[in-house]
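All chains, full assembly: derive it from the sequences and hints.
Chains A and B, in that order, give the protein sequences. Using the working numbering, the final residue of the first sequence is 134, and nothing's skipped along the way. Using the working numbering, the final residue of the second sequence is 526, and nothing's skipped along the way.
It should be emphasised that the hints constitute simulated quantities derived from the structure, not laboratory data. On a predicted model such as this, the values are computed, not experimentally measured, just so you know. Every residue gets a Cβ at the ideal spot worked out from N, C-alpha and C, and that includes glycine. Accuracy of the hints is not assured; some may be wrong.
Sample of chain A residues at the chain B side, in silico, Cβ under 7 Å [to be verified]:
(1) V21
(2) K24
(3) S96
(4) S97
(5) P119
Spelled out, the chains give:
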Amino acid sequence: MKITFPQHFLLIDDNPLDQFVYKKTLLKTGIAHTVTCFGWAKEALAFLTAETALQPGTILLVDIQMPEMNGFEFIAGLSELPESLIRKFHIFMLSSSMDTNDLIRARQHDLVVDILHKPLDINHLKSFGEITSG
Amino acid sequence: MSNSSISILYIDDEIHNLQAFKATFRKSYRIYITQFPEEAEKILNEQEIHIILADQRMPVMSGVQFFEKIRHRHPQPFRFLITGYTDIRAAIDAINKGEVFRFIEKPWEEEHVRNIIDQAYDIYRTRQELKRRNQELEKAYAELDNFVYSASHDLRAPLTSIQGIINLALLEEDAVSQNEYLLLIRQSVNKLDTFTSNIIDYYKNARGVPVITAIDFHELIDEIKQIIRYIPGFDKINIEISINQHQEFYSDLIKLRIILNNLLSNAIKFQDPAKKDPLIRISIDSTQHNSVTISITDNGIGVPENAQEKIFEMFYRATIATSGSGIGLYTVREAVHKLNGTITLQSTPTKGTTFTVSIPSSHESKAHAALQQPNHYSPTHENHIPPTLSTN
Numbered sequence: 001m002k003i004t005f006p007q008h009f010l011l012i013d014d015n016p017l018d019q020f021v022y023k024k025t026l027l028k029t030g031i032a033h034t035v036t037c038f039g040w041a042k043e044a045l046a047f048l049t050a051e052t053a054l055q056p057g058t059i060l061l062v063d064i065q066m067p068e069m070n071g072f073e074f075i076a077g078l079s080e081l082p083e084s085l086i087r088k089f090h091i092f093m094l095s096s097s098m099d100t101n102d103l104i105r106a107r108q109h110d111l112v113v114d115i116l117h118k119p120l121d122i123n124h125l126k127s128f129g130e131i132t133s134g
Numbered sequence: 135m136s137n138s139s140i141s142i143l144y145i146d147d148e149i150h151n152l153q154a155f156k157a158t159f160r161k162s163y164r165i166y167i168t169q170f171p172e173e174a175e176k177i178l179n180e181q182e183i184h185i186i187l188a189d190q191r192m193p194v195m196s197g198v199q200f201f202e203k204i205r206h207r208h209p210q211p212f213r214f215l216i217t218g219y220t221d222i223r224a225a226i227d228a229i230n231k232g233e234v235f236r237f238i239e240k241p242w243e244e245e246h247v248r249n250i251i252d253q254a255y256d257i258y259r260t261r262q263e264l265k266r267r268n269q270e271l272e273k274a275y276a277e278l279d280n281f282v283y284s285a286s287h288d289l290r291a292p293l294t295s296i297q298g299i300i301n302l303a304l305l306e307e308d309a310v311s312q313n314e315y316l317l318l319i320r321q322s323v324n325k326l327d328t329f330t331s332n333i334i335d336y337y338k339n340a341r342g343v344p345v346i347t348a349i350d351f352h353e354l355i356d357e358i359k360q361i362i363r364y365i366p367g368f369d370k371i372n373i374e375i376s377i378n379q380h381q382e383f384y385s386d387l388i389k390l391r392i393i394l395n396n397l398l399s400n401a402i403k404f405q406d407p408a409k410k411d412p413l414i415r416i417s418i419d420s421t422q423h424n425s426v427t428i429s430i431t432d433n434g435i436g437v438p439e440n441a442q443e444k445i446f447e448m449f450y451r452a453t454i455a456t457s458g459s460g461i462g463l464y465t466v467r468e469a470v471h472k473l474n475g476t477i478t479l480q481s482t483p484t485k486g487t488t489f490t491v492s493i494p495s496s497h498e499s500k501a502h503a504a505l506q507q508p509n510h511y512s513p514t515h516e517n518h519i520p521p522t523l524s525t526n
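So this is what it looks like as structure tokens:
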């Protein structure tokens, strides 16, 4: 499925400051309809498990380094969900350290579109899809 | 040199040779003797043997054959071949197949045998030491990798946050909202500042030479109060202090400062906003047995049960902390261990947490520790214990 913007976003990041900044940036640049933030990967996973009315095409931005459940553990949990649900969204991972092993691991993962540097570069994110009007 | 910790196994079909050997060396070394190869193997399986002597001419198998047989299962001991006559074939086999360290010619001279035993044991010990240090180094490397991985994240994360804020601020047209972004940048800068201070603390603690001085706990607590008063939430919390010190207590001031500073900072940071009367109770008791017991009790948010074992681990964070570096309690535990003390935790979520630290006065404990742990002061030995919670 092609990535199109503007889109609905779920942002999973333990840093409240980054949540605030990225939410505002995504909305301000007009590539997001809505941004829903989660501080805990577990909460996000529970939300997605219970969610049936998820908009197709939703983009998940997942920070790698989080306490309790990190980004990779979150994706592992996600892959247990029904195929029909997984196909509804595109996953990007976020990293501030850009560790080589993380990079390889993320790029090899079927469910992950790509890994993005922090701070989030909106133009780079845009290059993965196309802008539709309306 | 006579060293009763050297264990020697001697195998010879001539009982008289065995007895003569044992009579000569039994006061200097621990001697095991046998006439039979099977029994020799049994001894090797059960005892830690440093040196094996074998007679070349034995009826069941030759000395070289015996060495060839046991060499792979018991590679550590040094092998000496005793031979009565010069046989070039036996010599070649001994070196190639038996990997023998020395030949001893019959009749052997006591002084000569002593010398080569001591020589072999020196090499044996050096090899063991090398092996031990190698293992320590591997551990240290693994921890360093972990450190670099986590530190690179924790150092870069606040910077990338700042970059994100700047990008957002530049999208803003009116200049008034810039102040709001400056405040956010300050948050990130403070976080980075805390993290770098913690790293510096960790290295001071891990690498620094301990300086033992007389400790005045009243002074120490006053000093720490000056530091922690800048932590957000300090003004909301009530701190009760009781100090009971009637005798001299000696310790490393830097480590005590690290311990108290971290524990008190945590108590302030993790206060429970739902409670009307946030409280920290510090009790310091140094009246008994040249030791001090420090307990710090708070009525904060507490530590979840499944996190209690992990919170002393490096870079473990139990909560989404805006200011936690995951290194504070790890450094605390390292510091407590370096002072030969113990730290325990009791916590109930929503009720509060008590940390109890017991530390012996360092003048007494120094000699004691050196006796128990010969490598106590070696720089690689102590700093890389895998992080697990000690409750003893």
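Hints, one by one, checked against the model:
Checking V21 (chain A) against chain B by beta carbon gives a least distance of about 4 Å; that is within 7 Å, so the hint holds. Hint on K24 (chain A) holds. Least Cβ distance to chain B is approximately 6 Å, under the 7 Å limit. A distance limit of 7 Å between C-beta atoms decides the matter here; for S96 (chain A) the minimum to chain B is near 4 Å, and the interface restraint holds. With a least beta-carbon distance of about 4 Å to chain B, the hint placing S97 (chain A) at the interface is held under the 7 Å criterion.
With its C-beta approaching chain B no nearer than about 4 Å, P119 (chain A) sits inside the 7 Å limit, and its interface hint holds.
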